[in-house]
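*Asks:* Listed here are the chains, written in short residue letters.
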Amino acid sequence: MALLSKKDANLILDPLADNNPITIQVLGICSALAITAELKASVVMALSVLFVLGVGNVVISLLRNVIPSKIRIIVQLIVVATLVIVVDQVLKAFAYELSKTLAVFVGLIITNCIIMGRFEAFALGNGPWKSFLDGIGNALGYGVILIIVGFFRELLGSGTLFGIPVLGDPIRKTGLYSTGYENNGFMIIPPAALIVVGIIIWVQRSRNKALIEEA
Amino acid sequence: MGLKEKLHETKLKFQGKKMAPAFNAIHTFLYAPNETTHSGAHVRGADDLKRTMNTVIMALVPCLIFGMFNTGYQHFGAINGFPETFSLFDHFLTWDNFWMGLITILPLVIVSYGVGLAVEFVFAVIKGHEVEEGYLVTGMLVPLIVPVDLPLWMLAVAVVFGVVIGKEVFGGTGMNILNPALTIRAFLFFAYPTWMSGDKVWVHGAVDGVTQSGTADAISGETVLGYLAQGNTSGIADKYDLADMFYGFIPGSVGETSTLLILLGGLFLIFSKIASWRIMVSAVIGSLAMGLIFNGIVAAEWIPEYSKFYSLMSFEYWQHLLVGGLAFGIVFMATDPVTGAQTNRGKWVYGFLIGFMSVMIRVFNPGYPEGVFLAILLMNVFAPTIDHYVVRGNVKRRLKRLKNATIYPKVSEGAEALKTETV
Chain B
1 MALLSKKDAN LILDPLADNN PITIQVLGIC SALAITAELK ASVVMALSVL FVLGVGNVVI
61 SLLRNVIPSK IRIIVQLIVV ATLVIVVDQV LKAFAYELSK TLAVFVGLII TNCIIMGRFE
121 AFALGNGPWK SFLDGIGNAL GYGVILIIVG FFRELLGSGT LFGIPVLGDP IRKTGLYSTG
181 YENNGFMIIP PAALIVVGII IWVQRSRNKA LIEEA
Chain U
1 MGLKEKLHET KLKFQGKKMA PAFNAIHTFL YAPNETTHSG AHVRGADDLK RTMNTVIMAL
61 VPCLIFGMFN TGYQHFGAIN GFPETFSLFD HFLTWDNFWM GLITILPLVI VSYGVGLAVE
121 FVFAVIKGHE VEEGYLVTGM LVPLIVPVDL PLWMLAVAVV FGVVIGKEVF GGTGMNILNP
181 ALTIRAFLFF AYPTWMSGDK VWVHGAVDGV TQSGTADAIS GETVLGYLAQ GNTSGIADKY
241 DLADMFYGFI PGSVGETSTL LILLGGLFLI FSKIASWRIM VSAVIGSLAM GLIFNGIVAA
301 EWIPEYSKFY SLMSFEYWQH LLVGGLAFGI VFMATDPVTG AQTNRGKWVY GFLIGFMSVM
361 IRVFNPGYPE GVFLAILLMN VFAPTIDHYV VRGNVKRRLK RLKNATIYPK VSEGAEALKT
421 ETV
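Chains as they are written, first to last, in this note's numbering: chain B, 1 to 215; chain U, 1 to 423.
Treat the hints loosely; a few may be bogus.
As the list claims (entries may be wrong) - Result set (DSBU-like, lysine-lysine): computed pairs, CA atoms no more than 30 Å apart in a straight line:
(1) B:Lys130 to B:Lys173
(2) U:Lys4 to U:Lys18
(3) U:Lys403 to U:Lys273
(4) U:Lys18 to B:Lys209
(5) U:Lys127 to B:Lys209
(6) U:Lys127 to U:Lys13
(7) B:Lys209 to B:Lys6
(8) U:Lys17 to B:Lys209
(9) U:Lys308 to U:Lys273
None of these hints come from the bench; they were simulated from the model.
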């Protein structure tokens, strides 16, 4: 007796790989480029989107039969804006430094295409439990890419993970730095995220040829 | 049994195997293939891709050898002081200089070729196609456009990045959008800026001197552009002789200092019809035009002397061609037949904009007083667009001609039908 039926499990697992919002649907790229220079910011961003999308999908799904279809976008915006403000306030209260790093990008979750996309494409037509799983799945798919990109960018760009030096001290030349290694400044700037995401897309599609679009 | 037969045999043995492309590459690099084409009519030209590449390499060799002498000359000059009266054979073309240059530059060349070709081989084996010659020129260009003291592992990382992201992801040689050598340089510049700019990297030993003994002043060499970018307006004539700039006895990246040898290489490429003279000429015109505009701004006193752009703006317009990588970029980088514009009119536009933007970036980017590689990369991206509009323009012009044309035989319906058909 599995915890989830196969169909439900696919709602979570599909967006992680073969229907990933970033690498396959190419949504939510802005935030993936902007905030992935540090792993900590990536994780917090991923968690924020997880919360907003999971709860938002349930709320929209519950309201789906009472929302007049002409004003559904506005209703969706109100739901997502409310949730984002909650996230923003929580961050400001408990992780002020981090909220300064993320700056405007928490607010910009409102305009993240993934969220409106899932509301429109899934929550408006499915029940709350399925919508919840779909929201969690897509947010995880988004978060996984963010964390992978953040991991490589922080490790290669700053030599740290979660702000903790893992390769030694670049100033006093300890650890790996004593061999002449230096941090890669290219990884700090946003174009590097584009290239890392591109490499992930490349690897994914060369492993699963079915994902390659026809030219 | 000679080497040739042995290679032929090895090739047969590996036919159809996964490693076949790697063996075939070695074979075709040394000898002409022993296979013949089986179908269709073919004209066999001697100027295949391999020979084209080798011609460019031949044009680059003088720059490389000069770079070796110059590395030694700058190094010893920075330590012992430069000679008062310069004599070519006593002070420049000496074994000491050459030896110093050889041991610093040869590793760069070896790493560049070794890593680059390794990446090419790996991709050829994975994709199952023949190893492409594309890296032959890139591998020679790369050591010439980096500072002498660049750590080898940085070069290796950059070469992997440049070949994979700049070329292989687009489908390999001939399919790349960006010039791989410049992609490598751009990567190095943004990844390790302290090793790629400033006044410490252009002379061999300067970087070590700083970190170890603290004798930073004893050994440092600024490029002309670096000197200007710091706002030094006067004294440029005392510090750098015009003839030195032209002949190349100045600090800079390994192979780009000698405008004279670049000019000779350029002429060689033009006469062997490898590179496009249109791009070279228009790029020179473009850089002169931008230089003249800046000189004009200074002459009209539209810019105050305390402006940080003043010194670079007031730099004589034609001297831009003598310093930095502009000449090298125009001759060897902009003319890359893969990434440049393909149409003749497109080449004029493409070259002009490269020259124009190079000087513009030089002046307005004081953090880094060189813009050639950025300008060429930018125009690489726009080259297909330029070609597109040139082709569109041509189609339009010919359609217009067709509309006005009288088509014989003058059977009115038939002519109209023919027109609509052709359109």
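*Asks:* Hints first: check each against the structure and report whether it holds.
*Replies:* We went through each hint and held it up to the structure:
no.: 1; hint: B:Lys130 to B:Lys173; in the structure: 53 Å, violated
no.: 2; hint: U:Lys4 to U:Lys18; in the structure: 22 Å, holds
no.: 3; hint: U:Lys403 to U:Lys273; in the structure: 37 Å, violated
no.: 4; hint: U:Lys18 to B:Lys209; in the structure: 20 Å, holds
no.: 5; hint: U:Lys127 to B:Lys209; in the structure: 14 Å, holds
no.: 6; hint: U:Lys127 to U:Lys13; in the structure: 20 Å, holds
no.: 7; hint: B:Lys209 to B:Lys6; in the structure: 24 Å, holds
no.: 8; hint: U:Lys17 to B:Lys209; in the structure: 23 Å, holds
no.: 9; hint: U:Lys308 to U:Lys273; in the structure: 42 Å, violated
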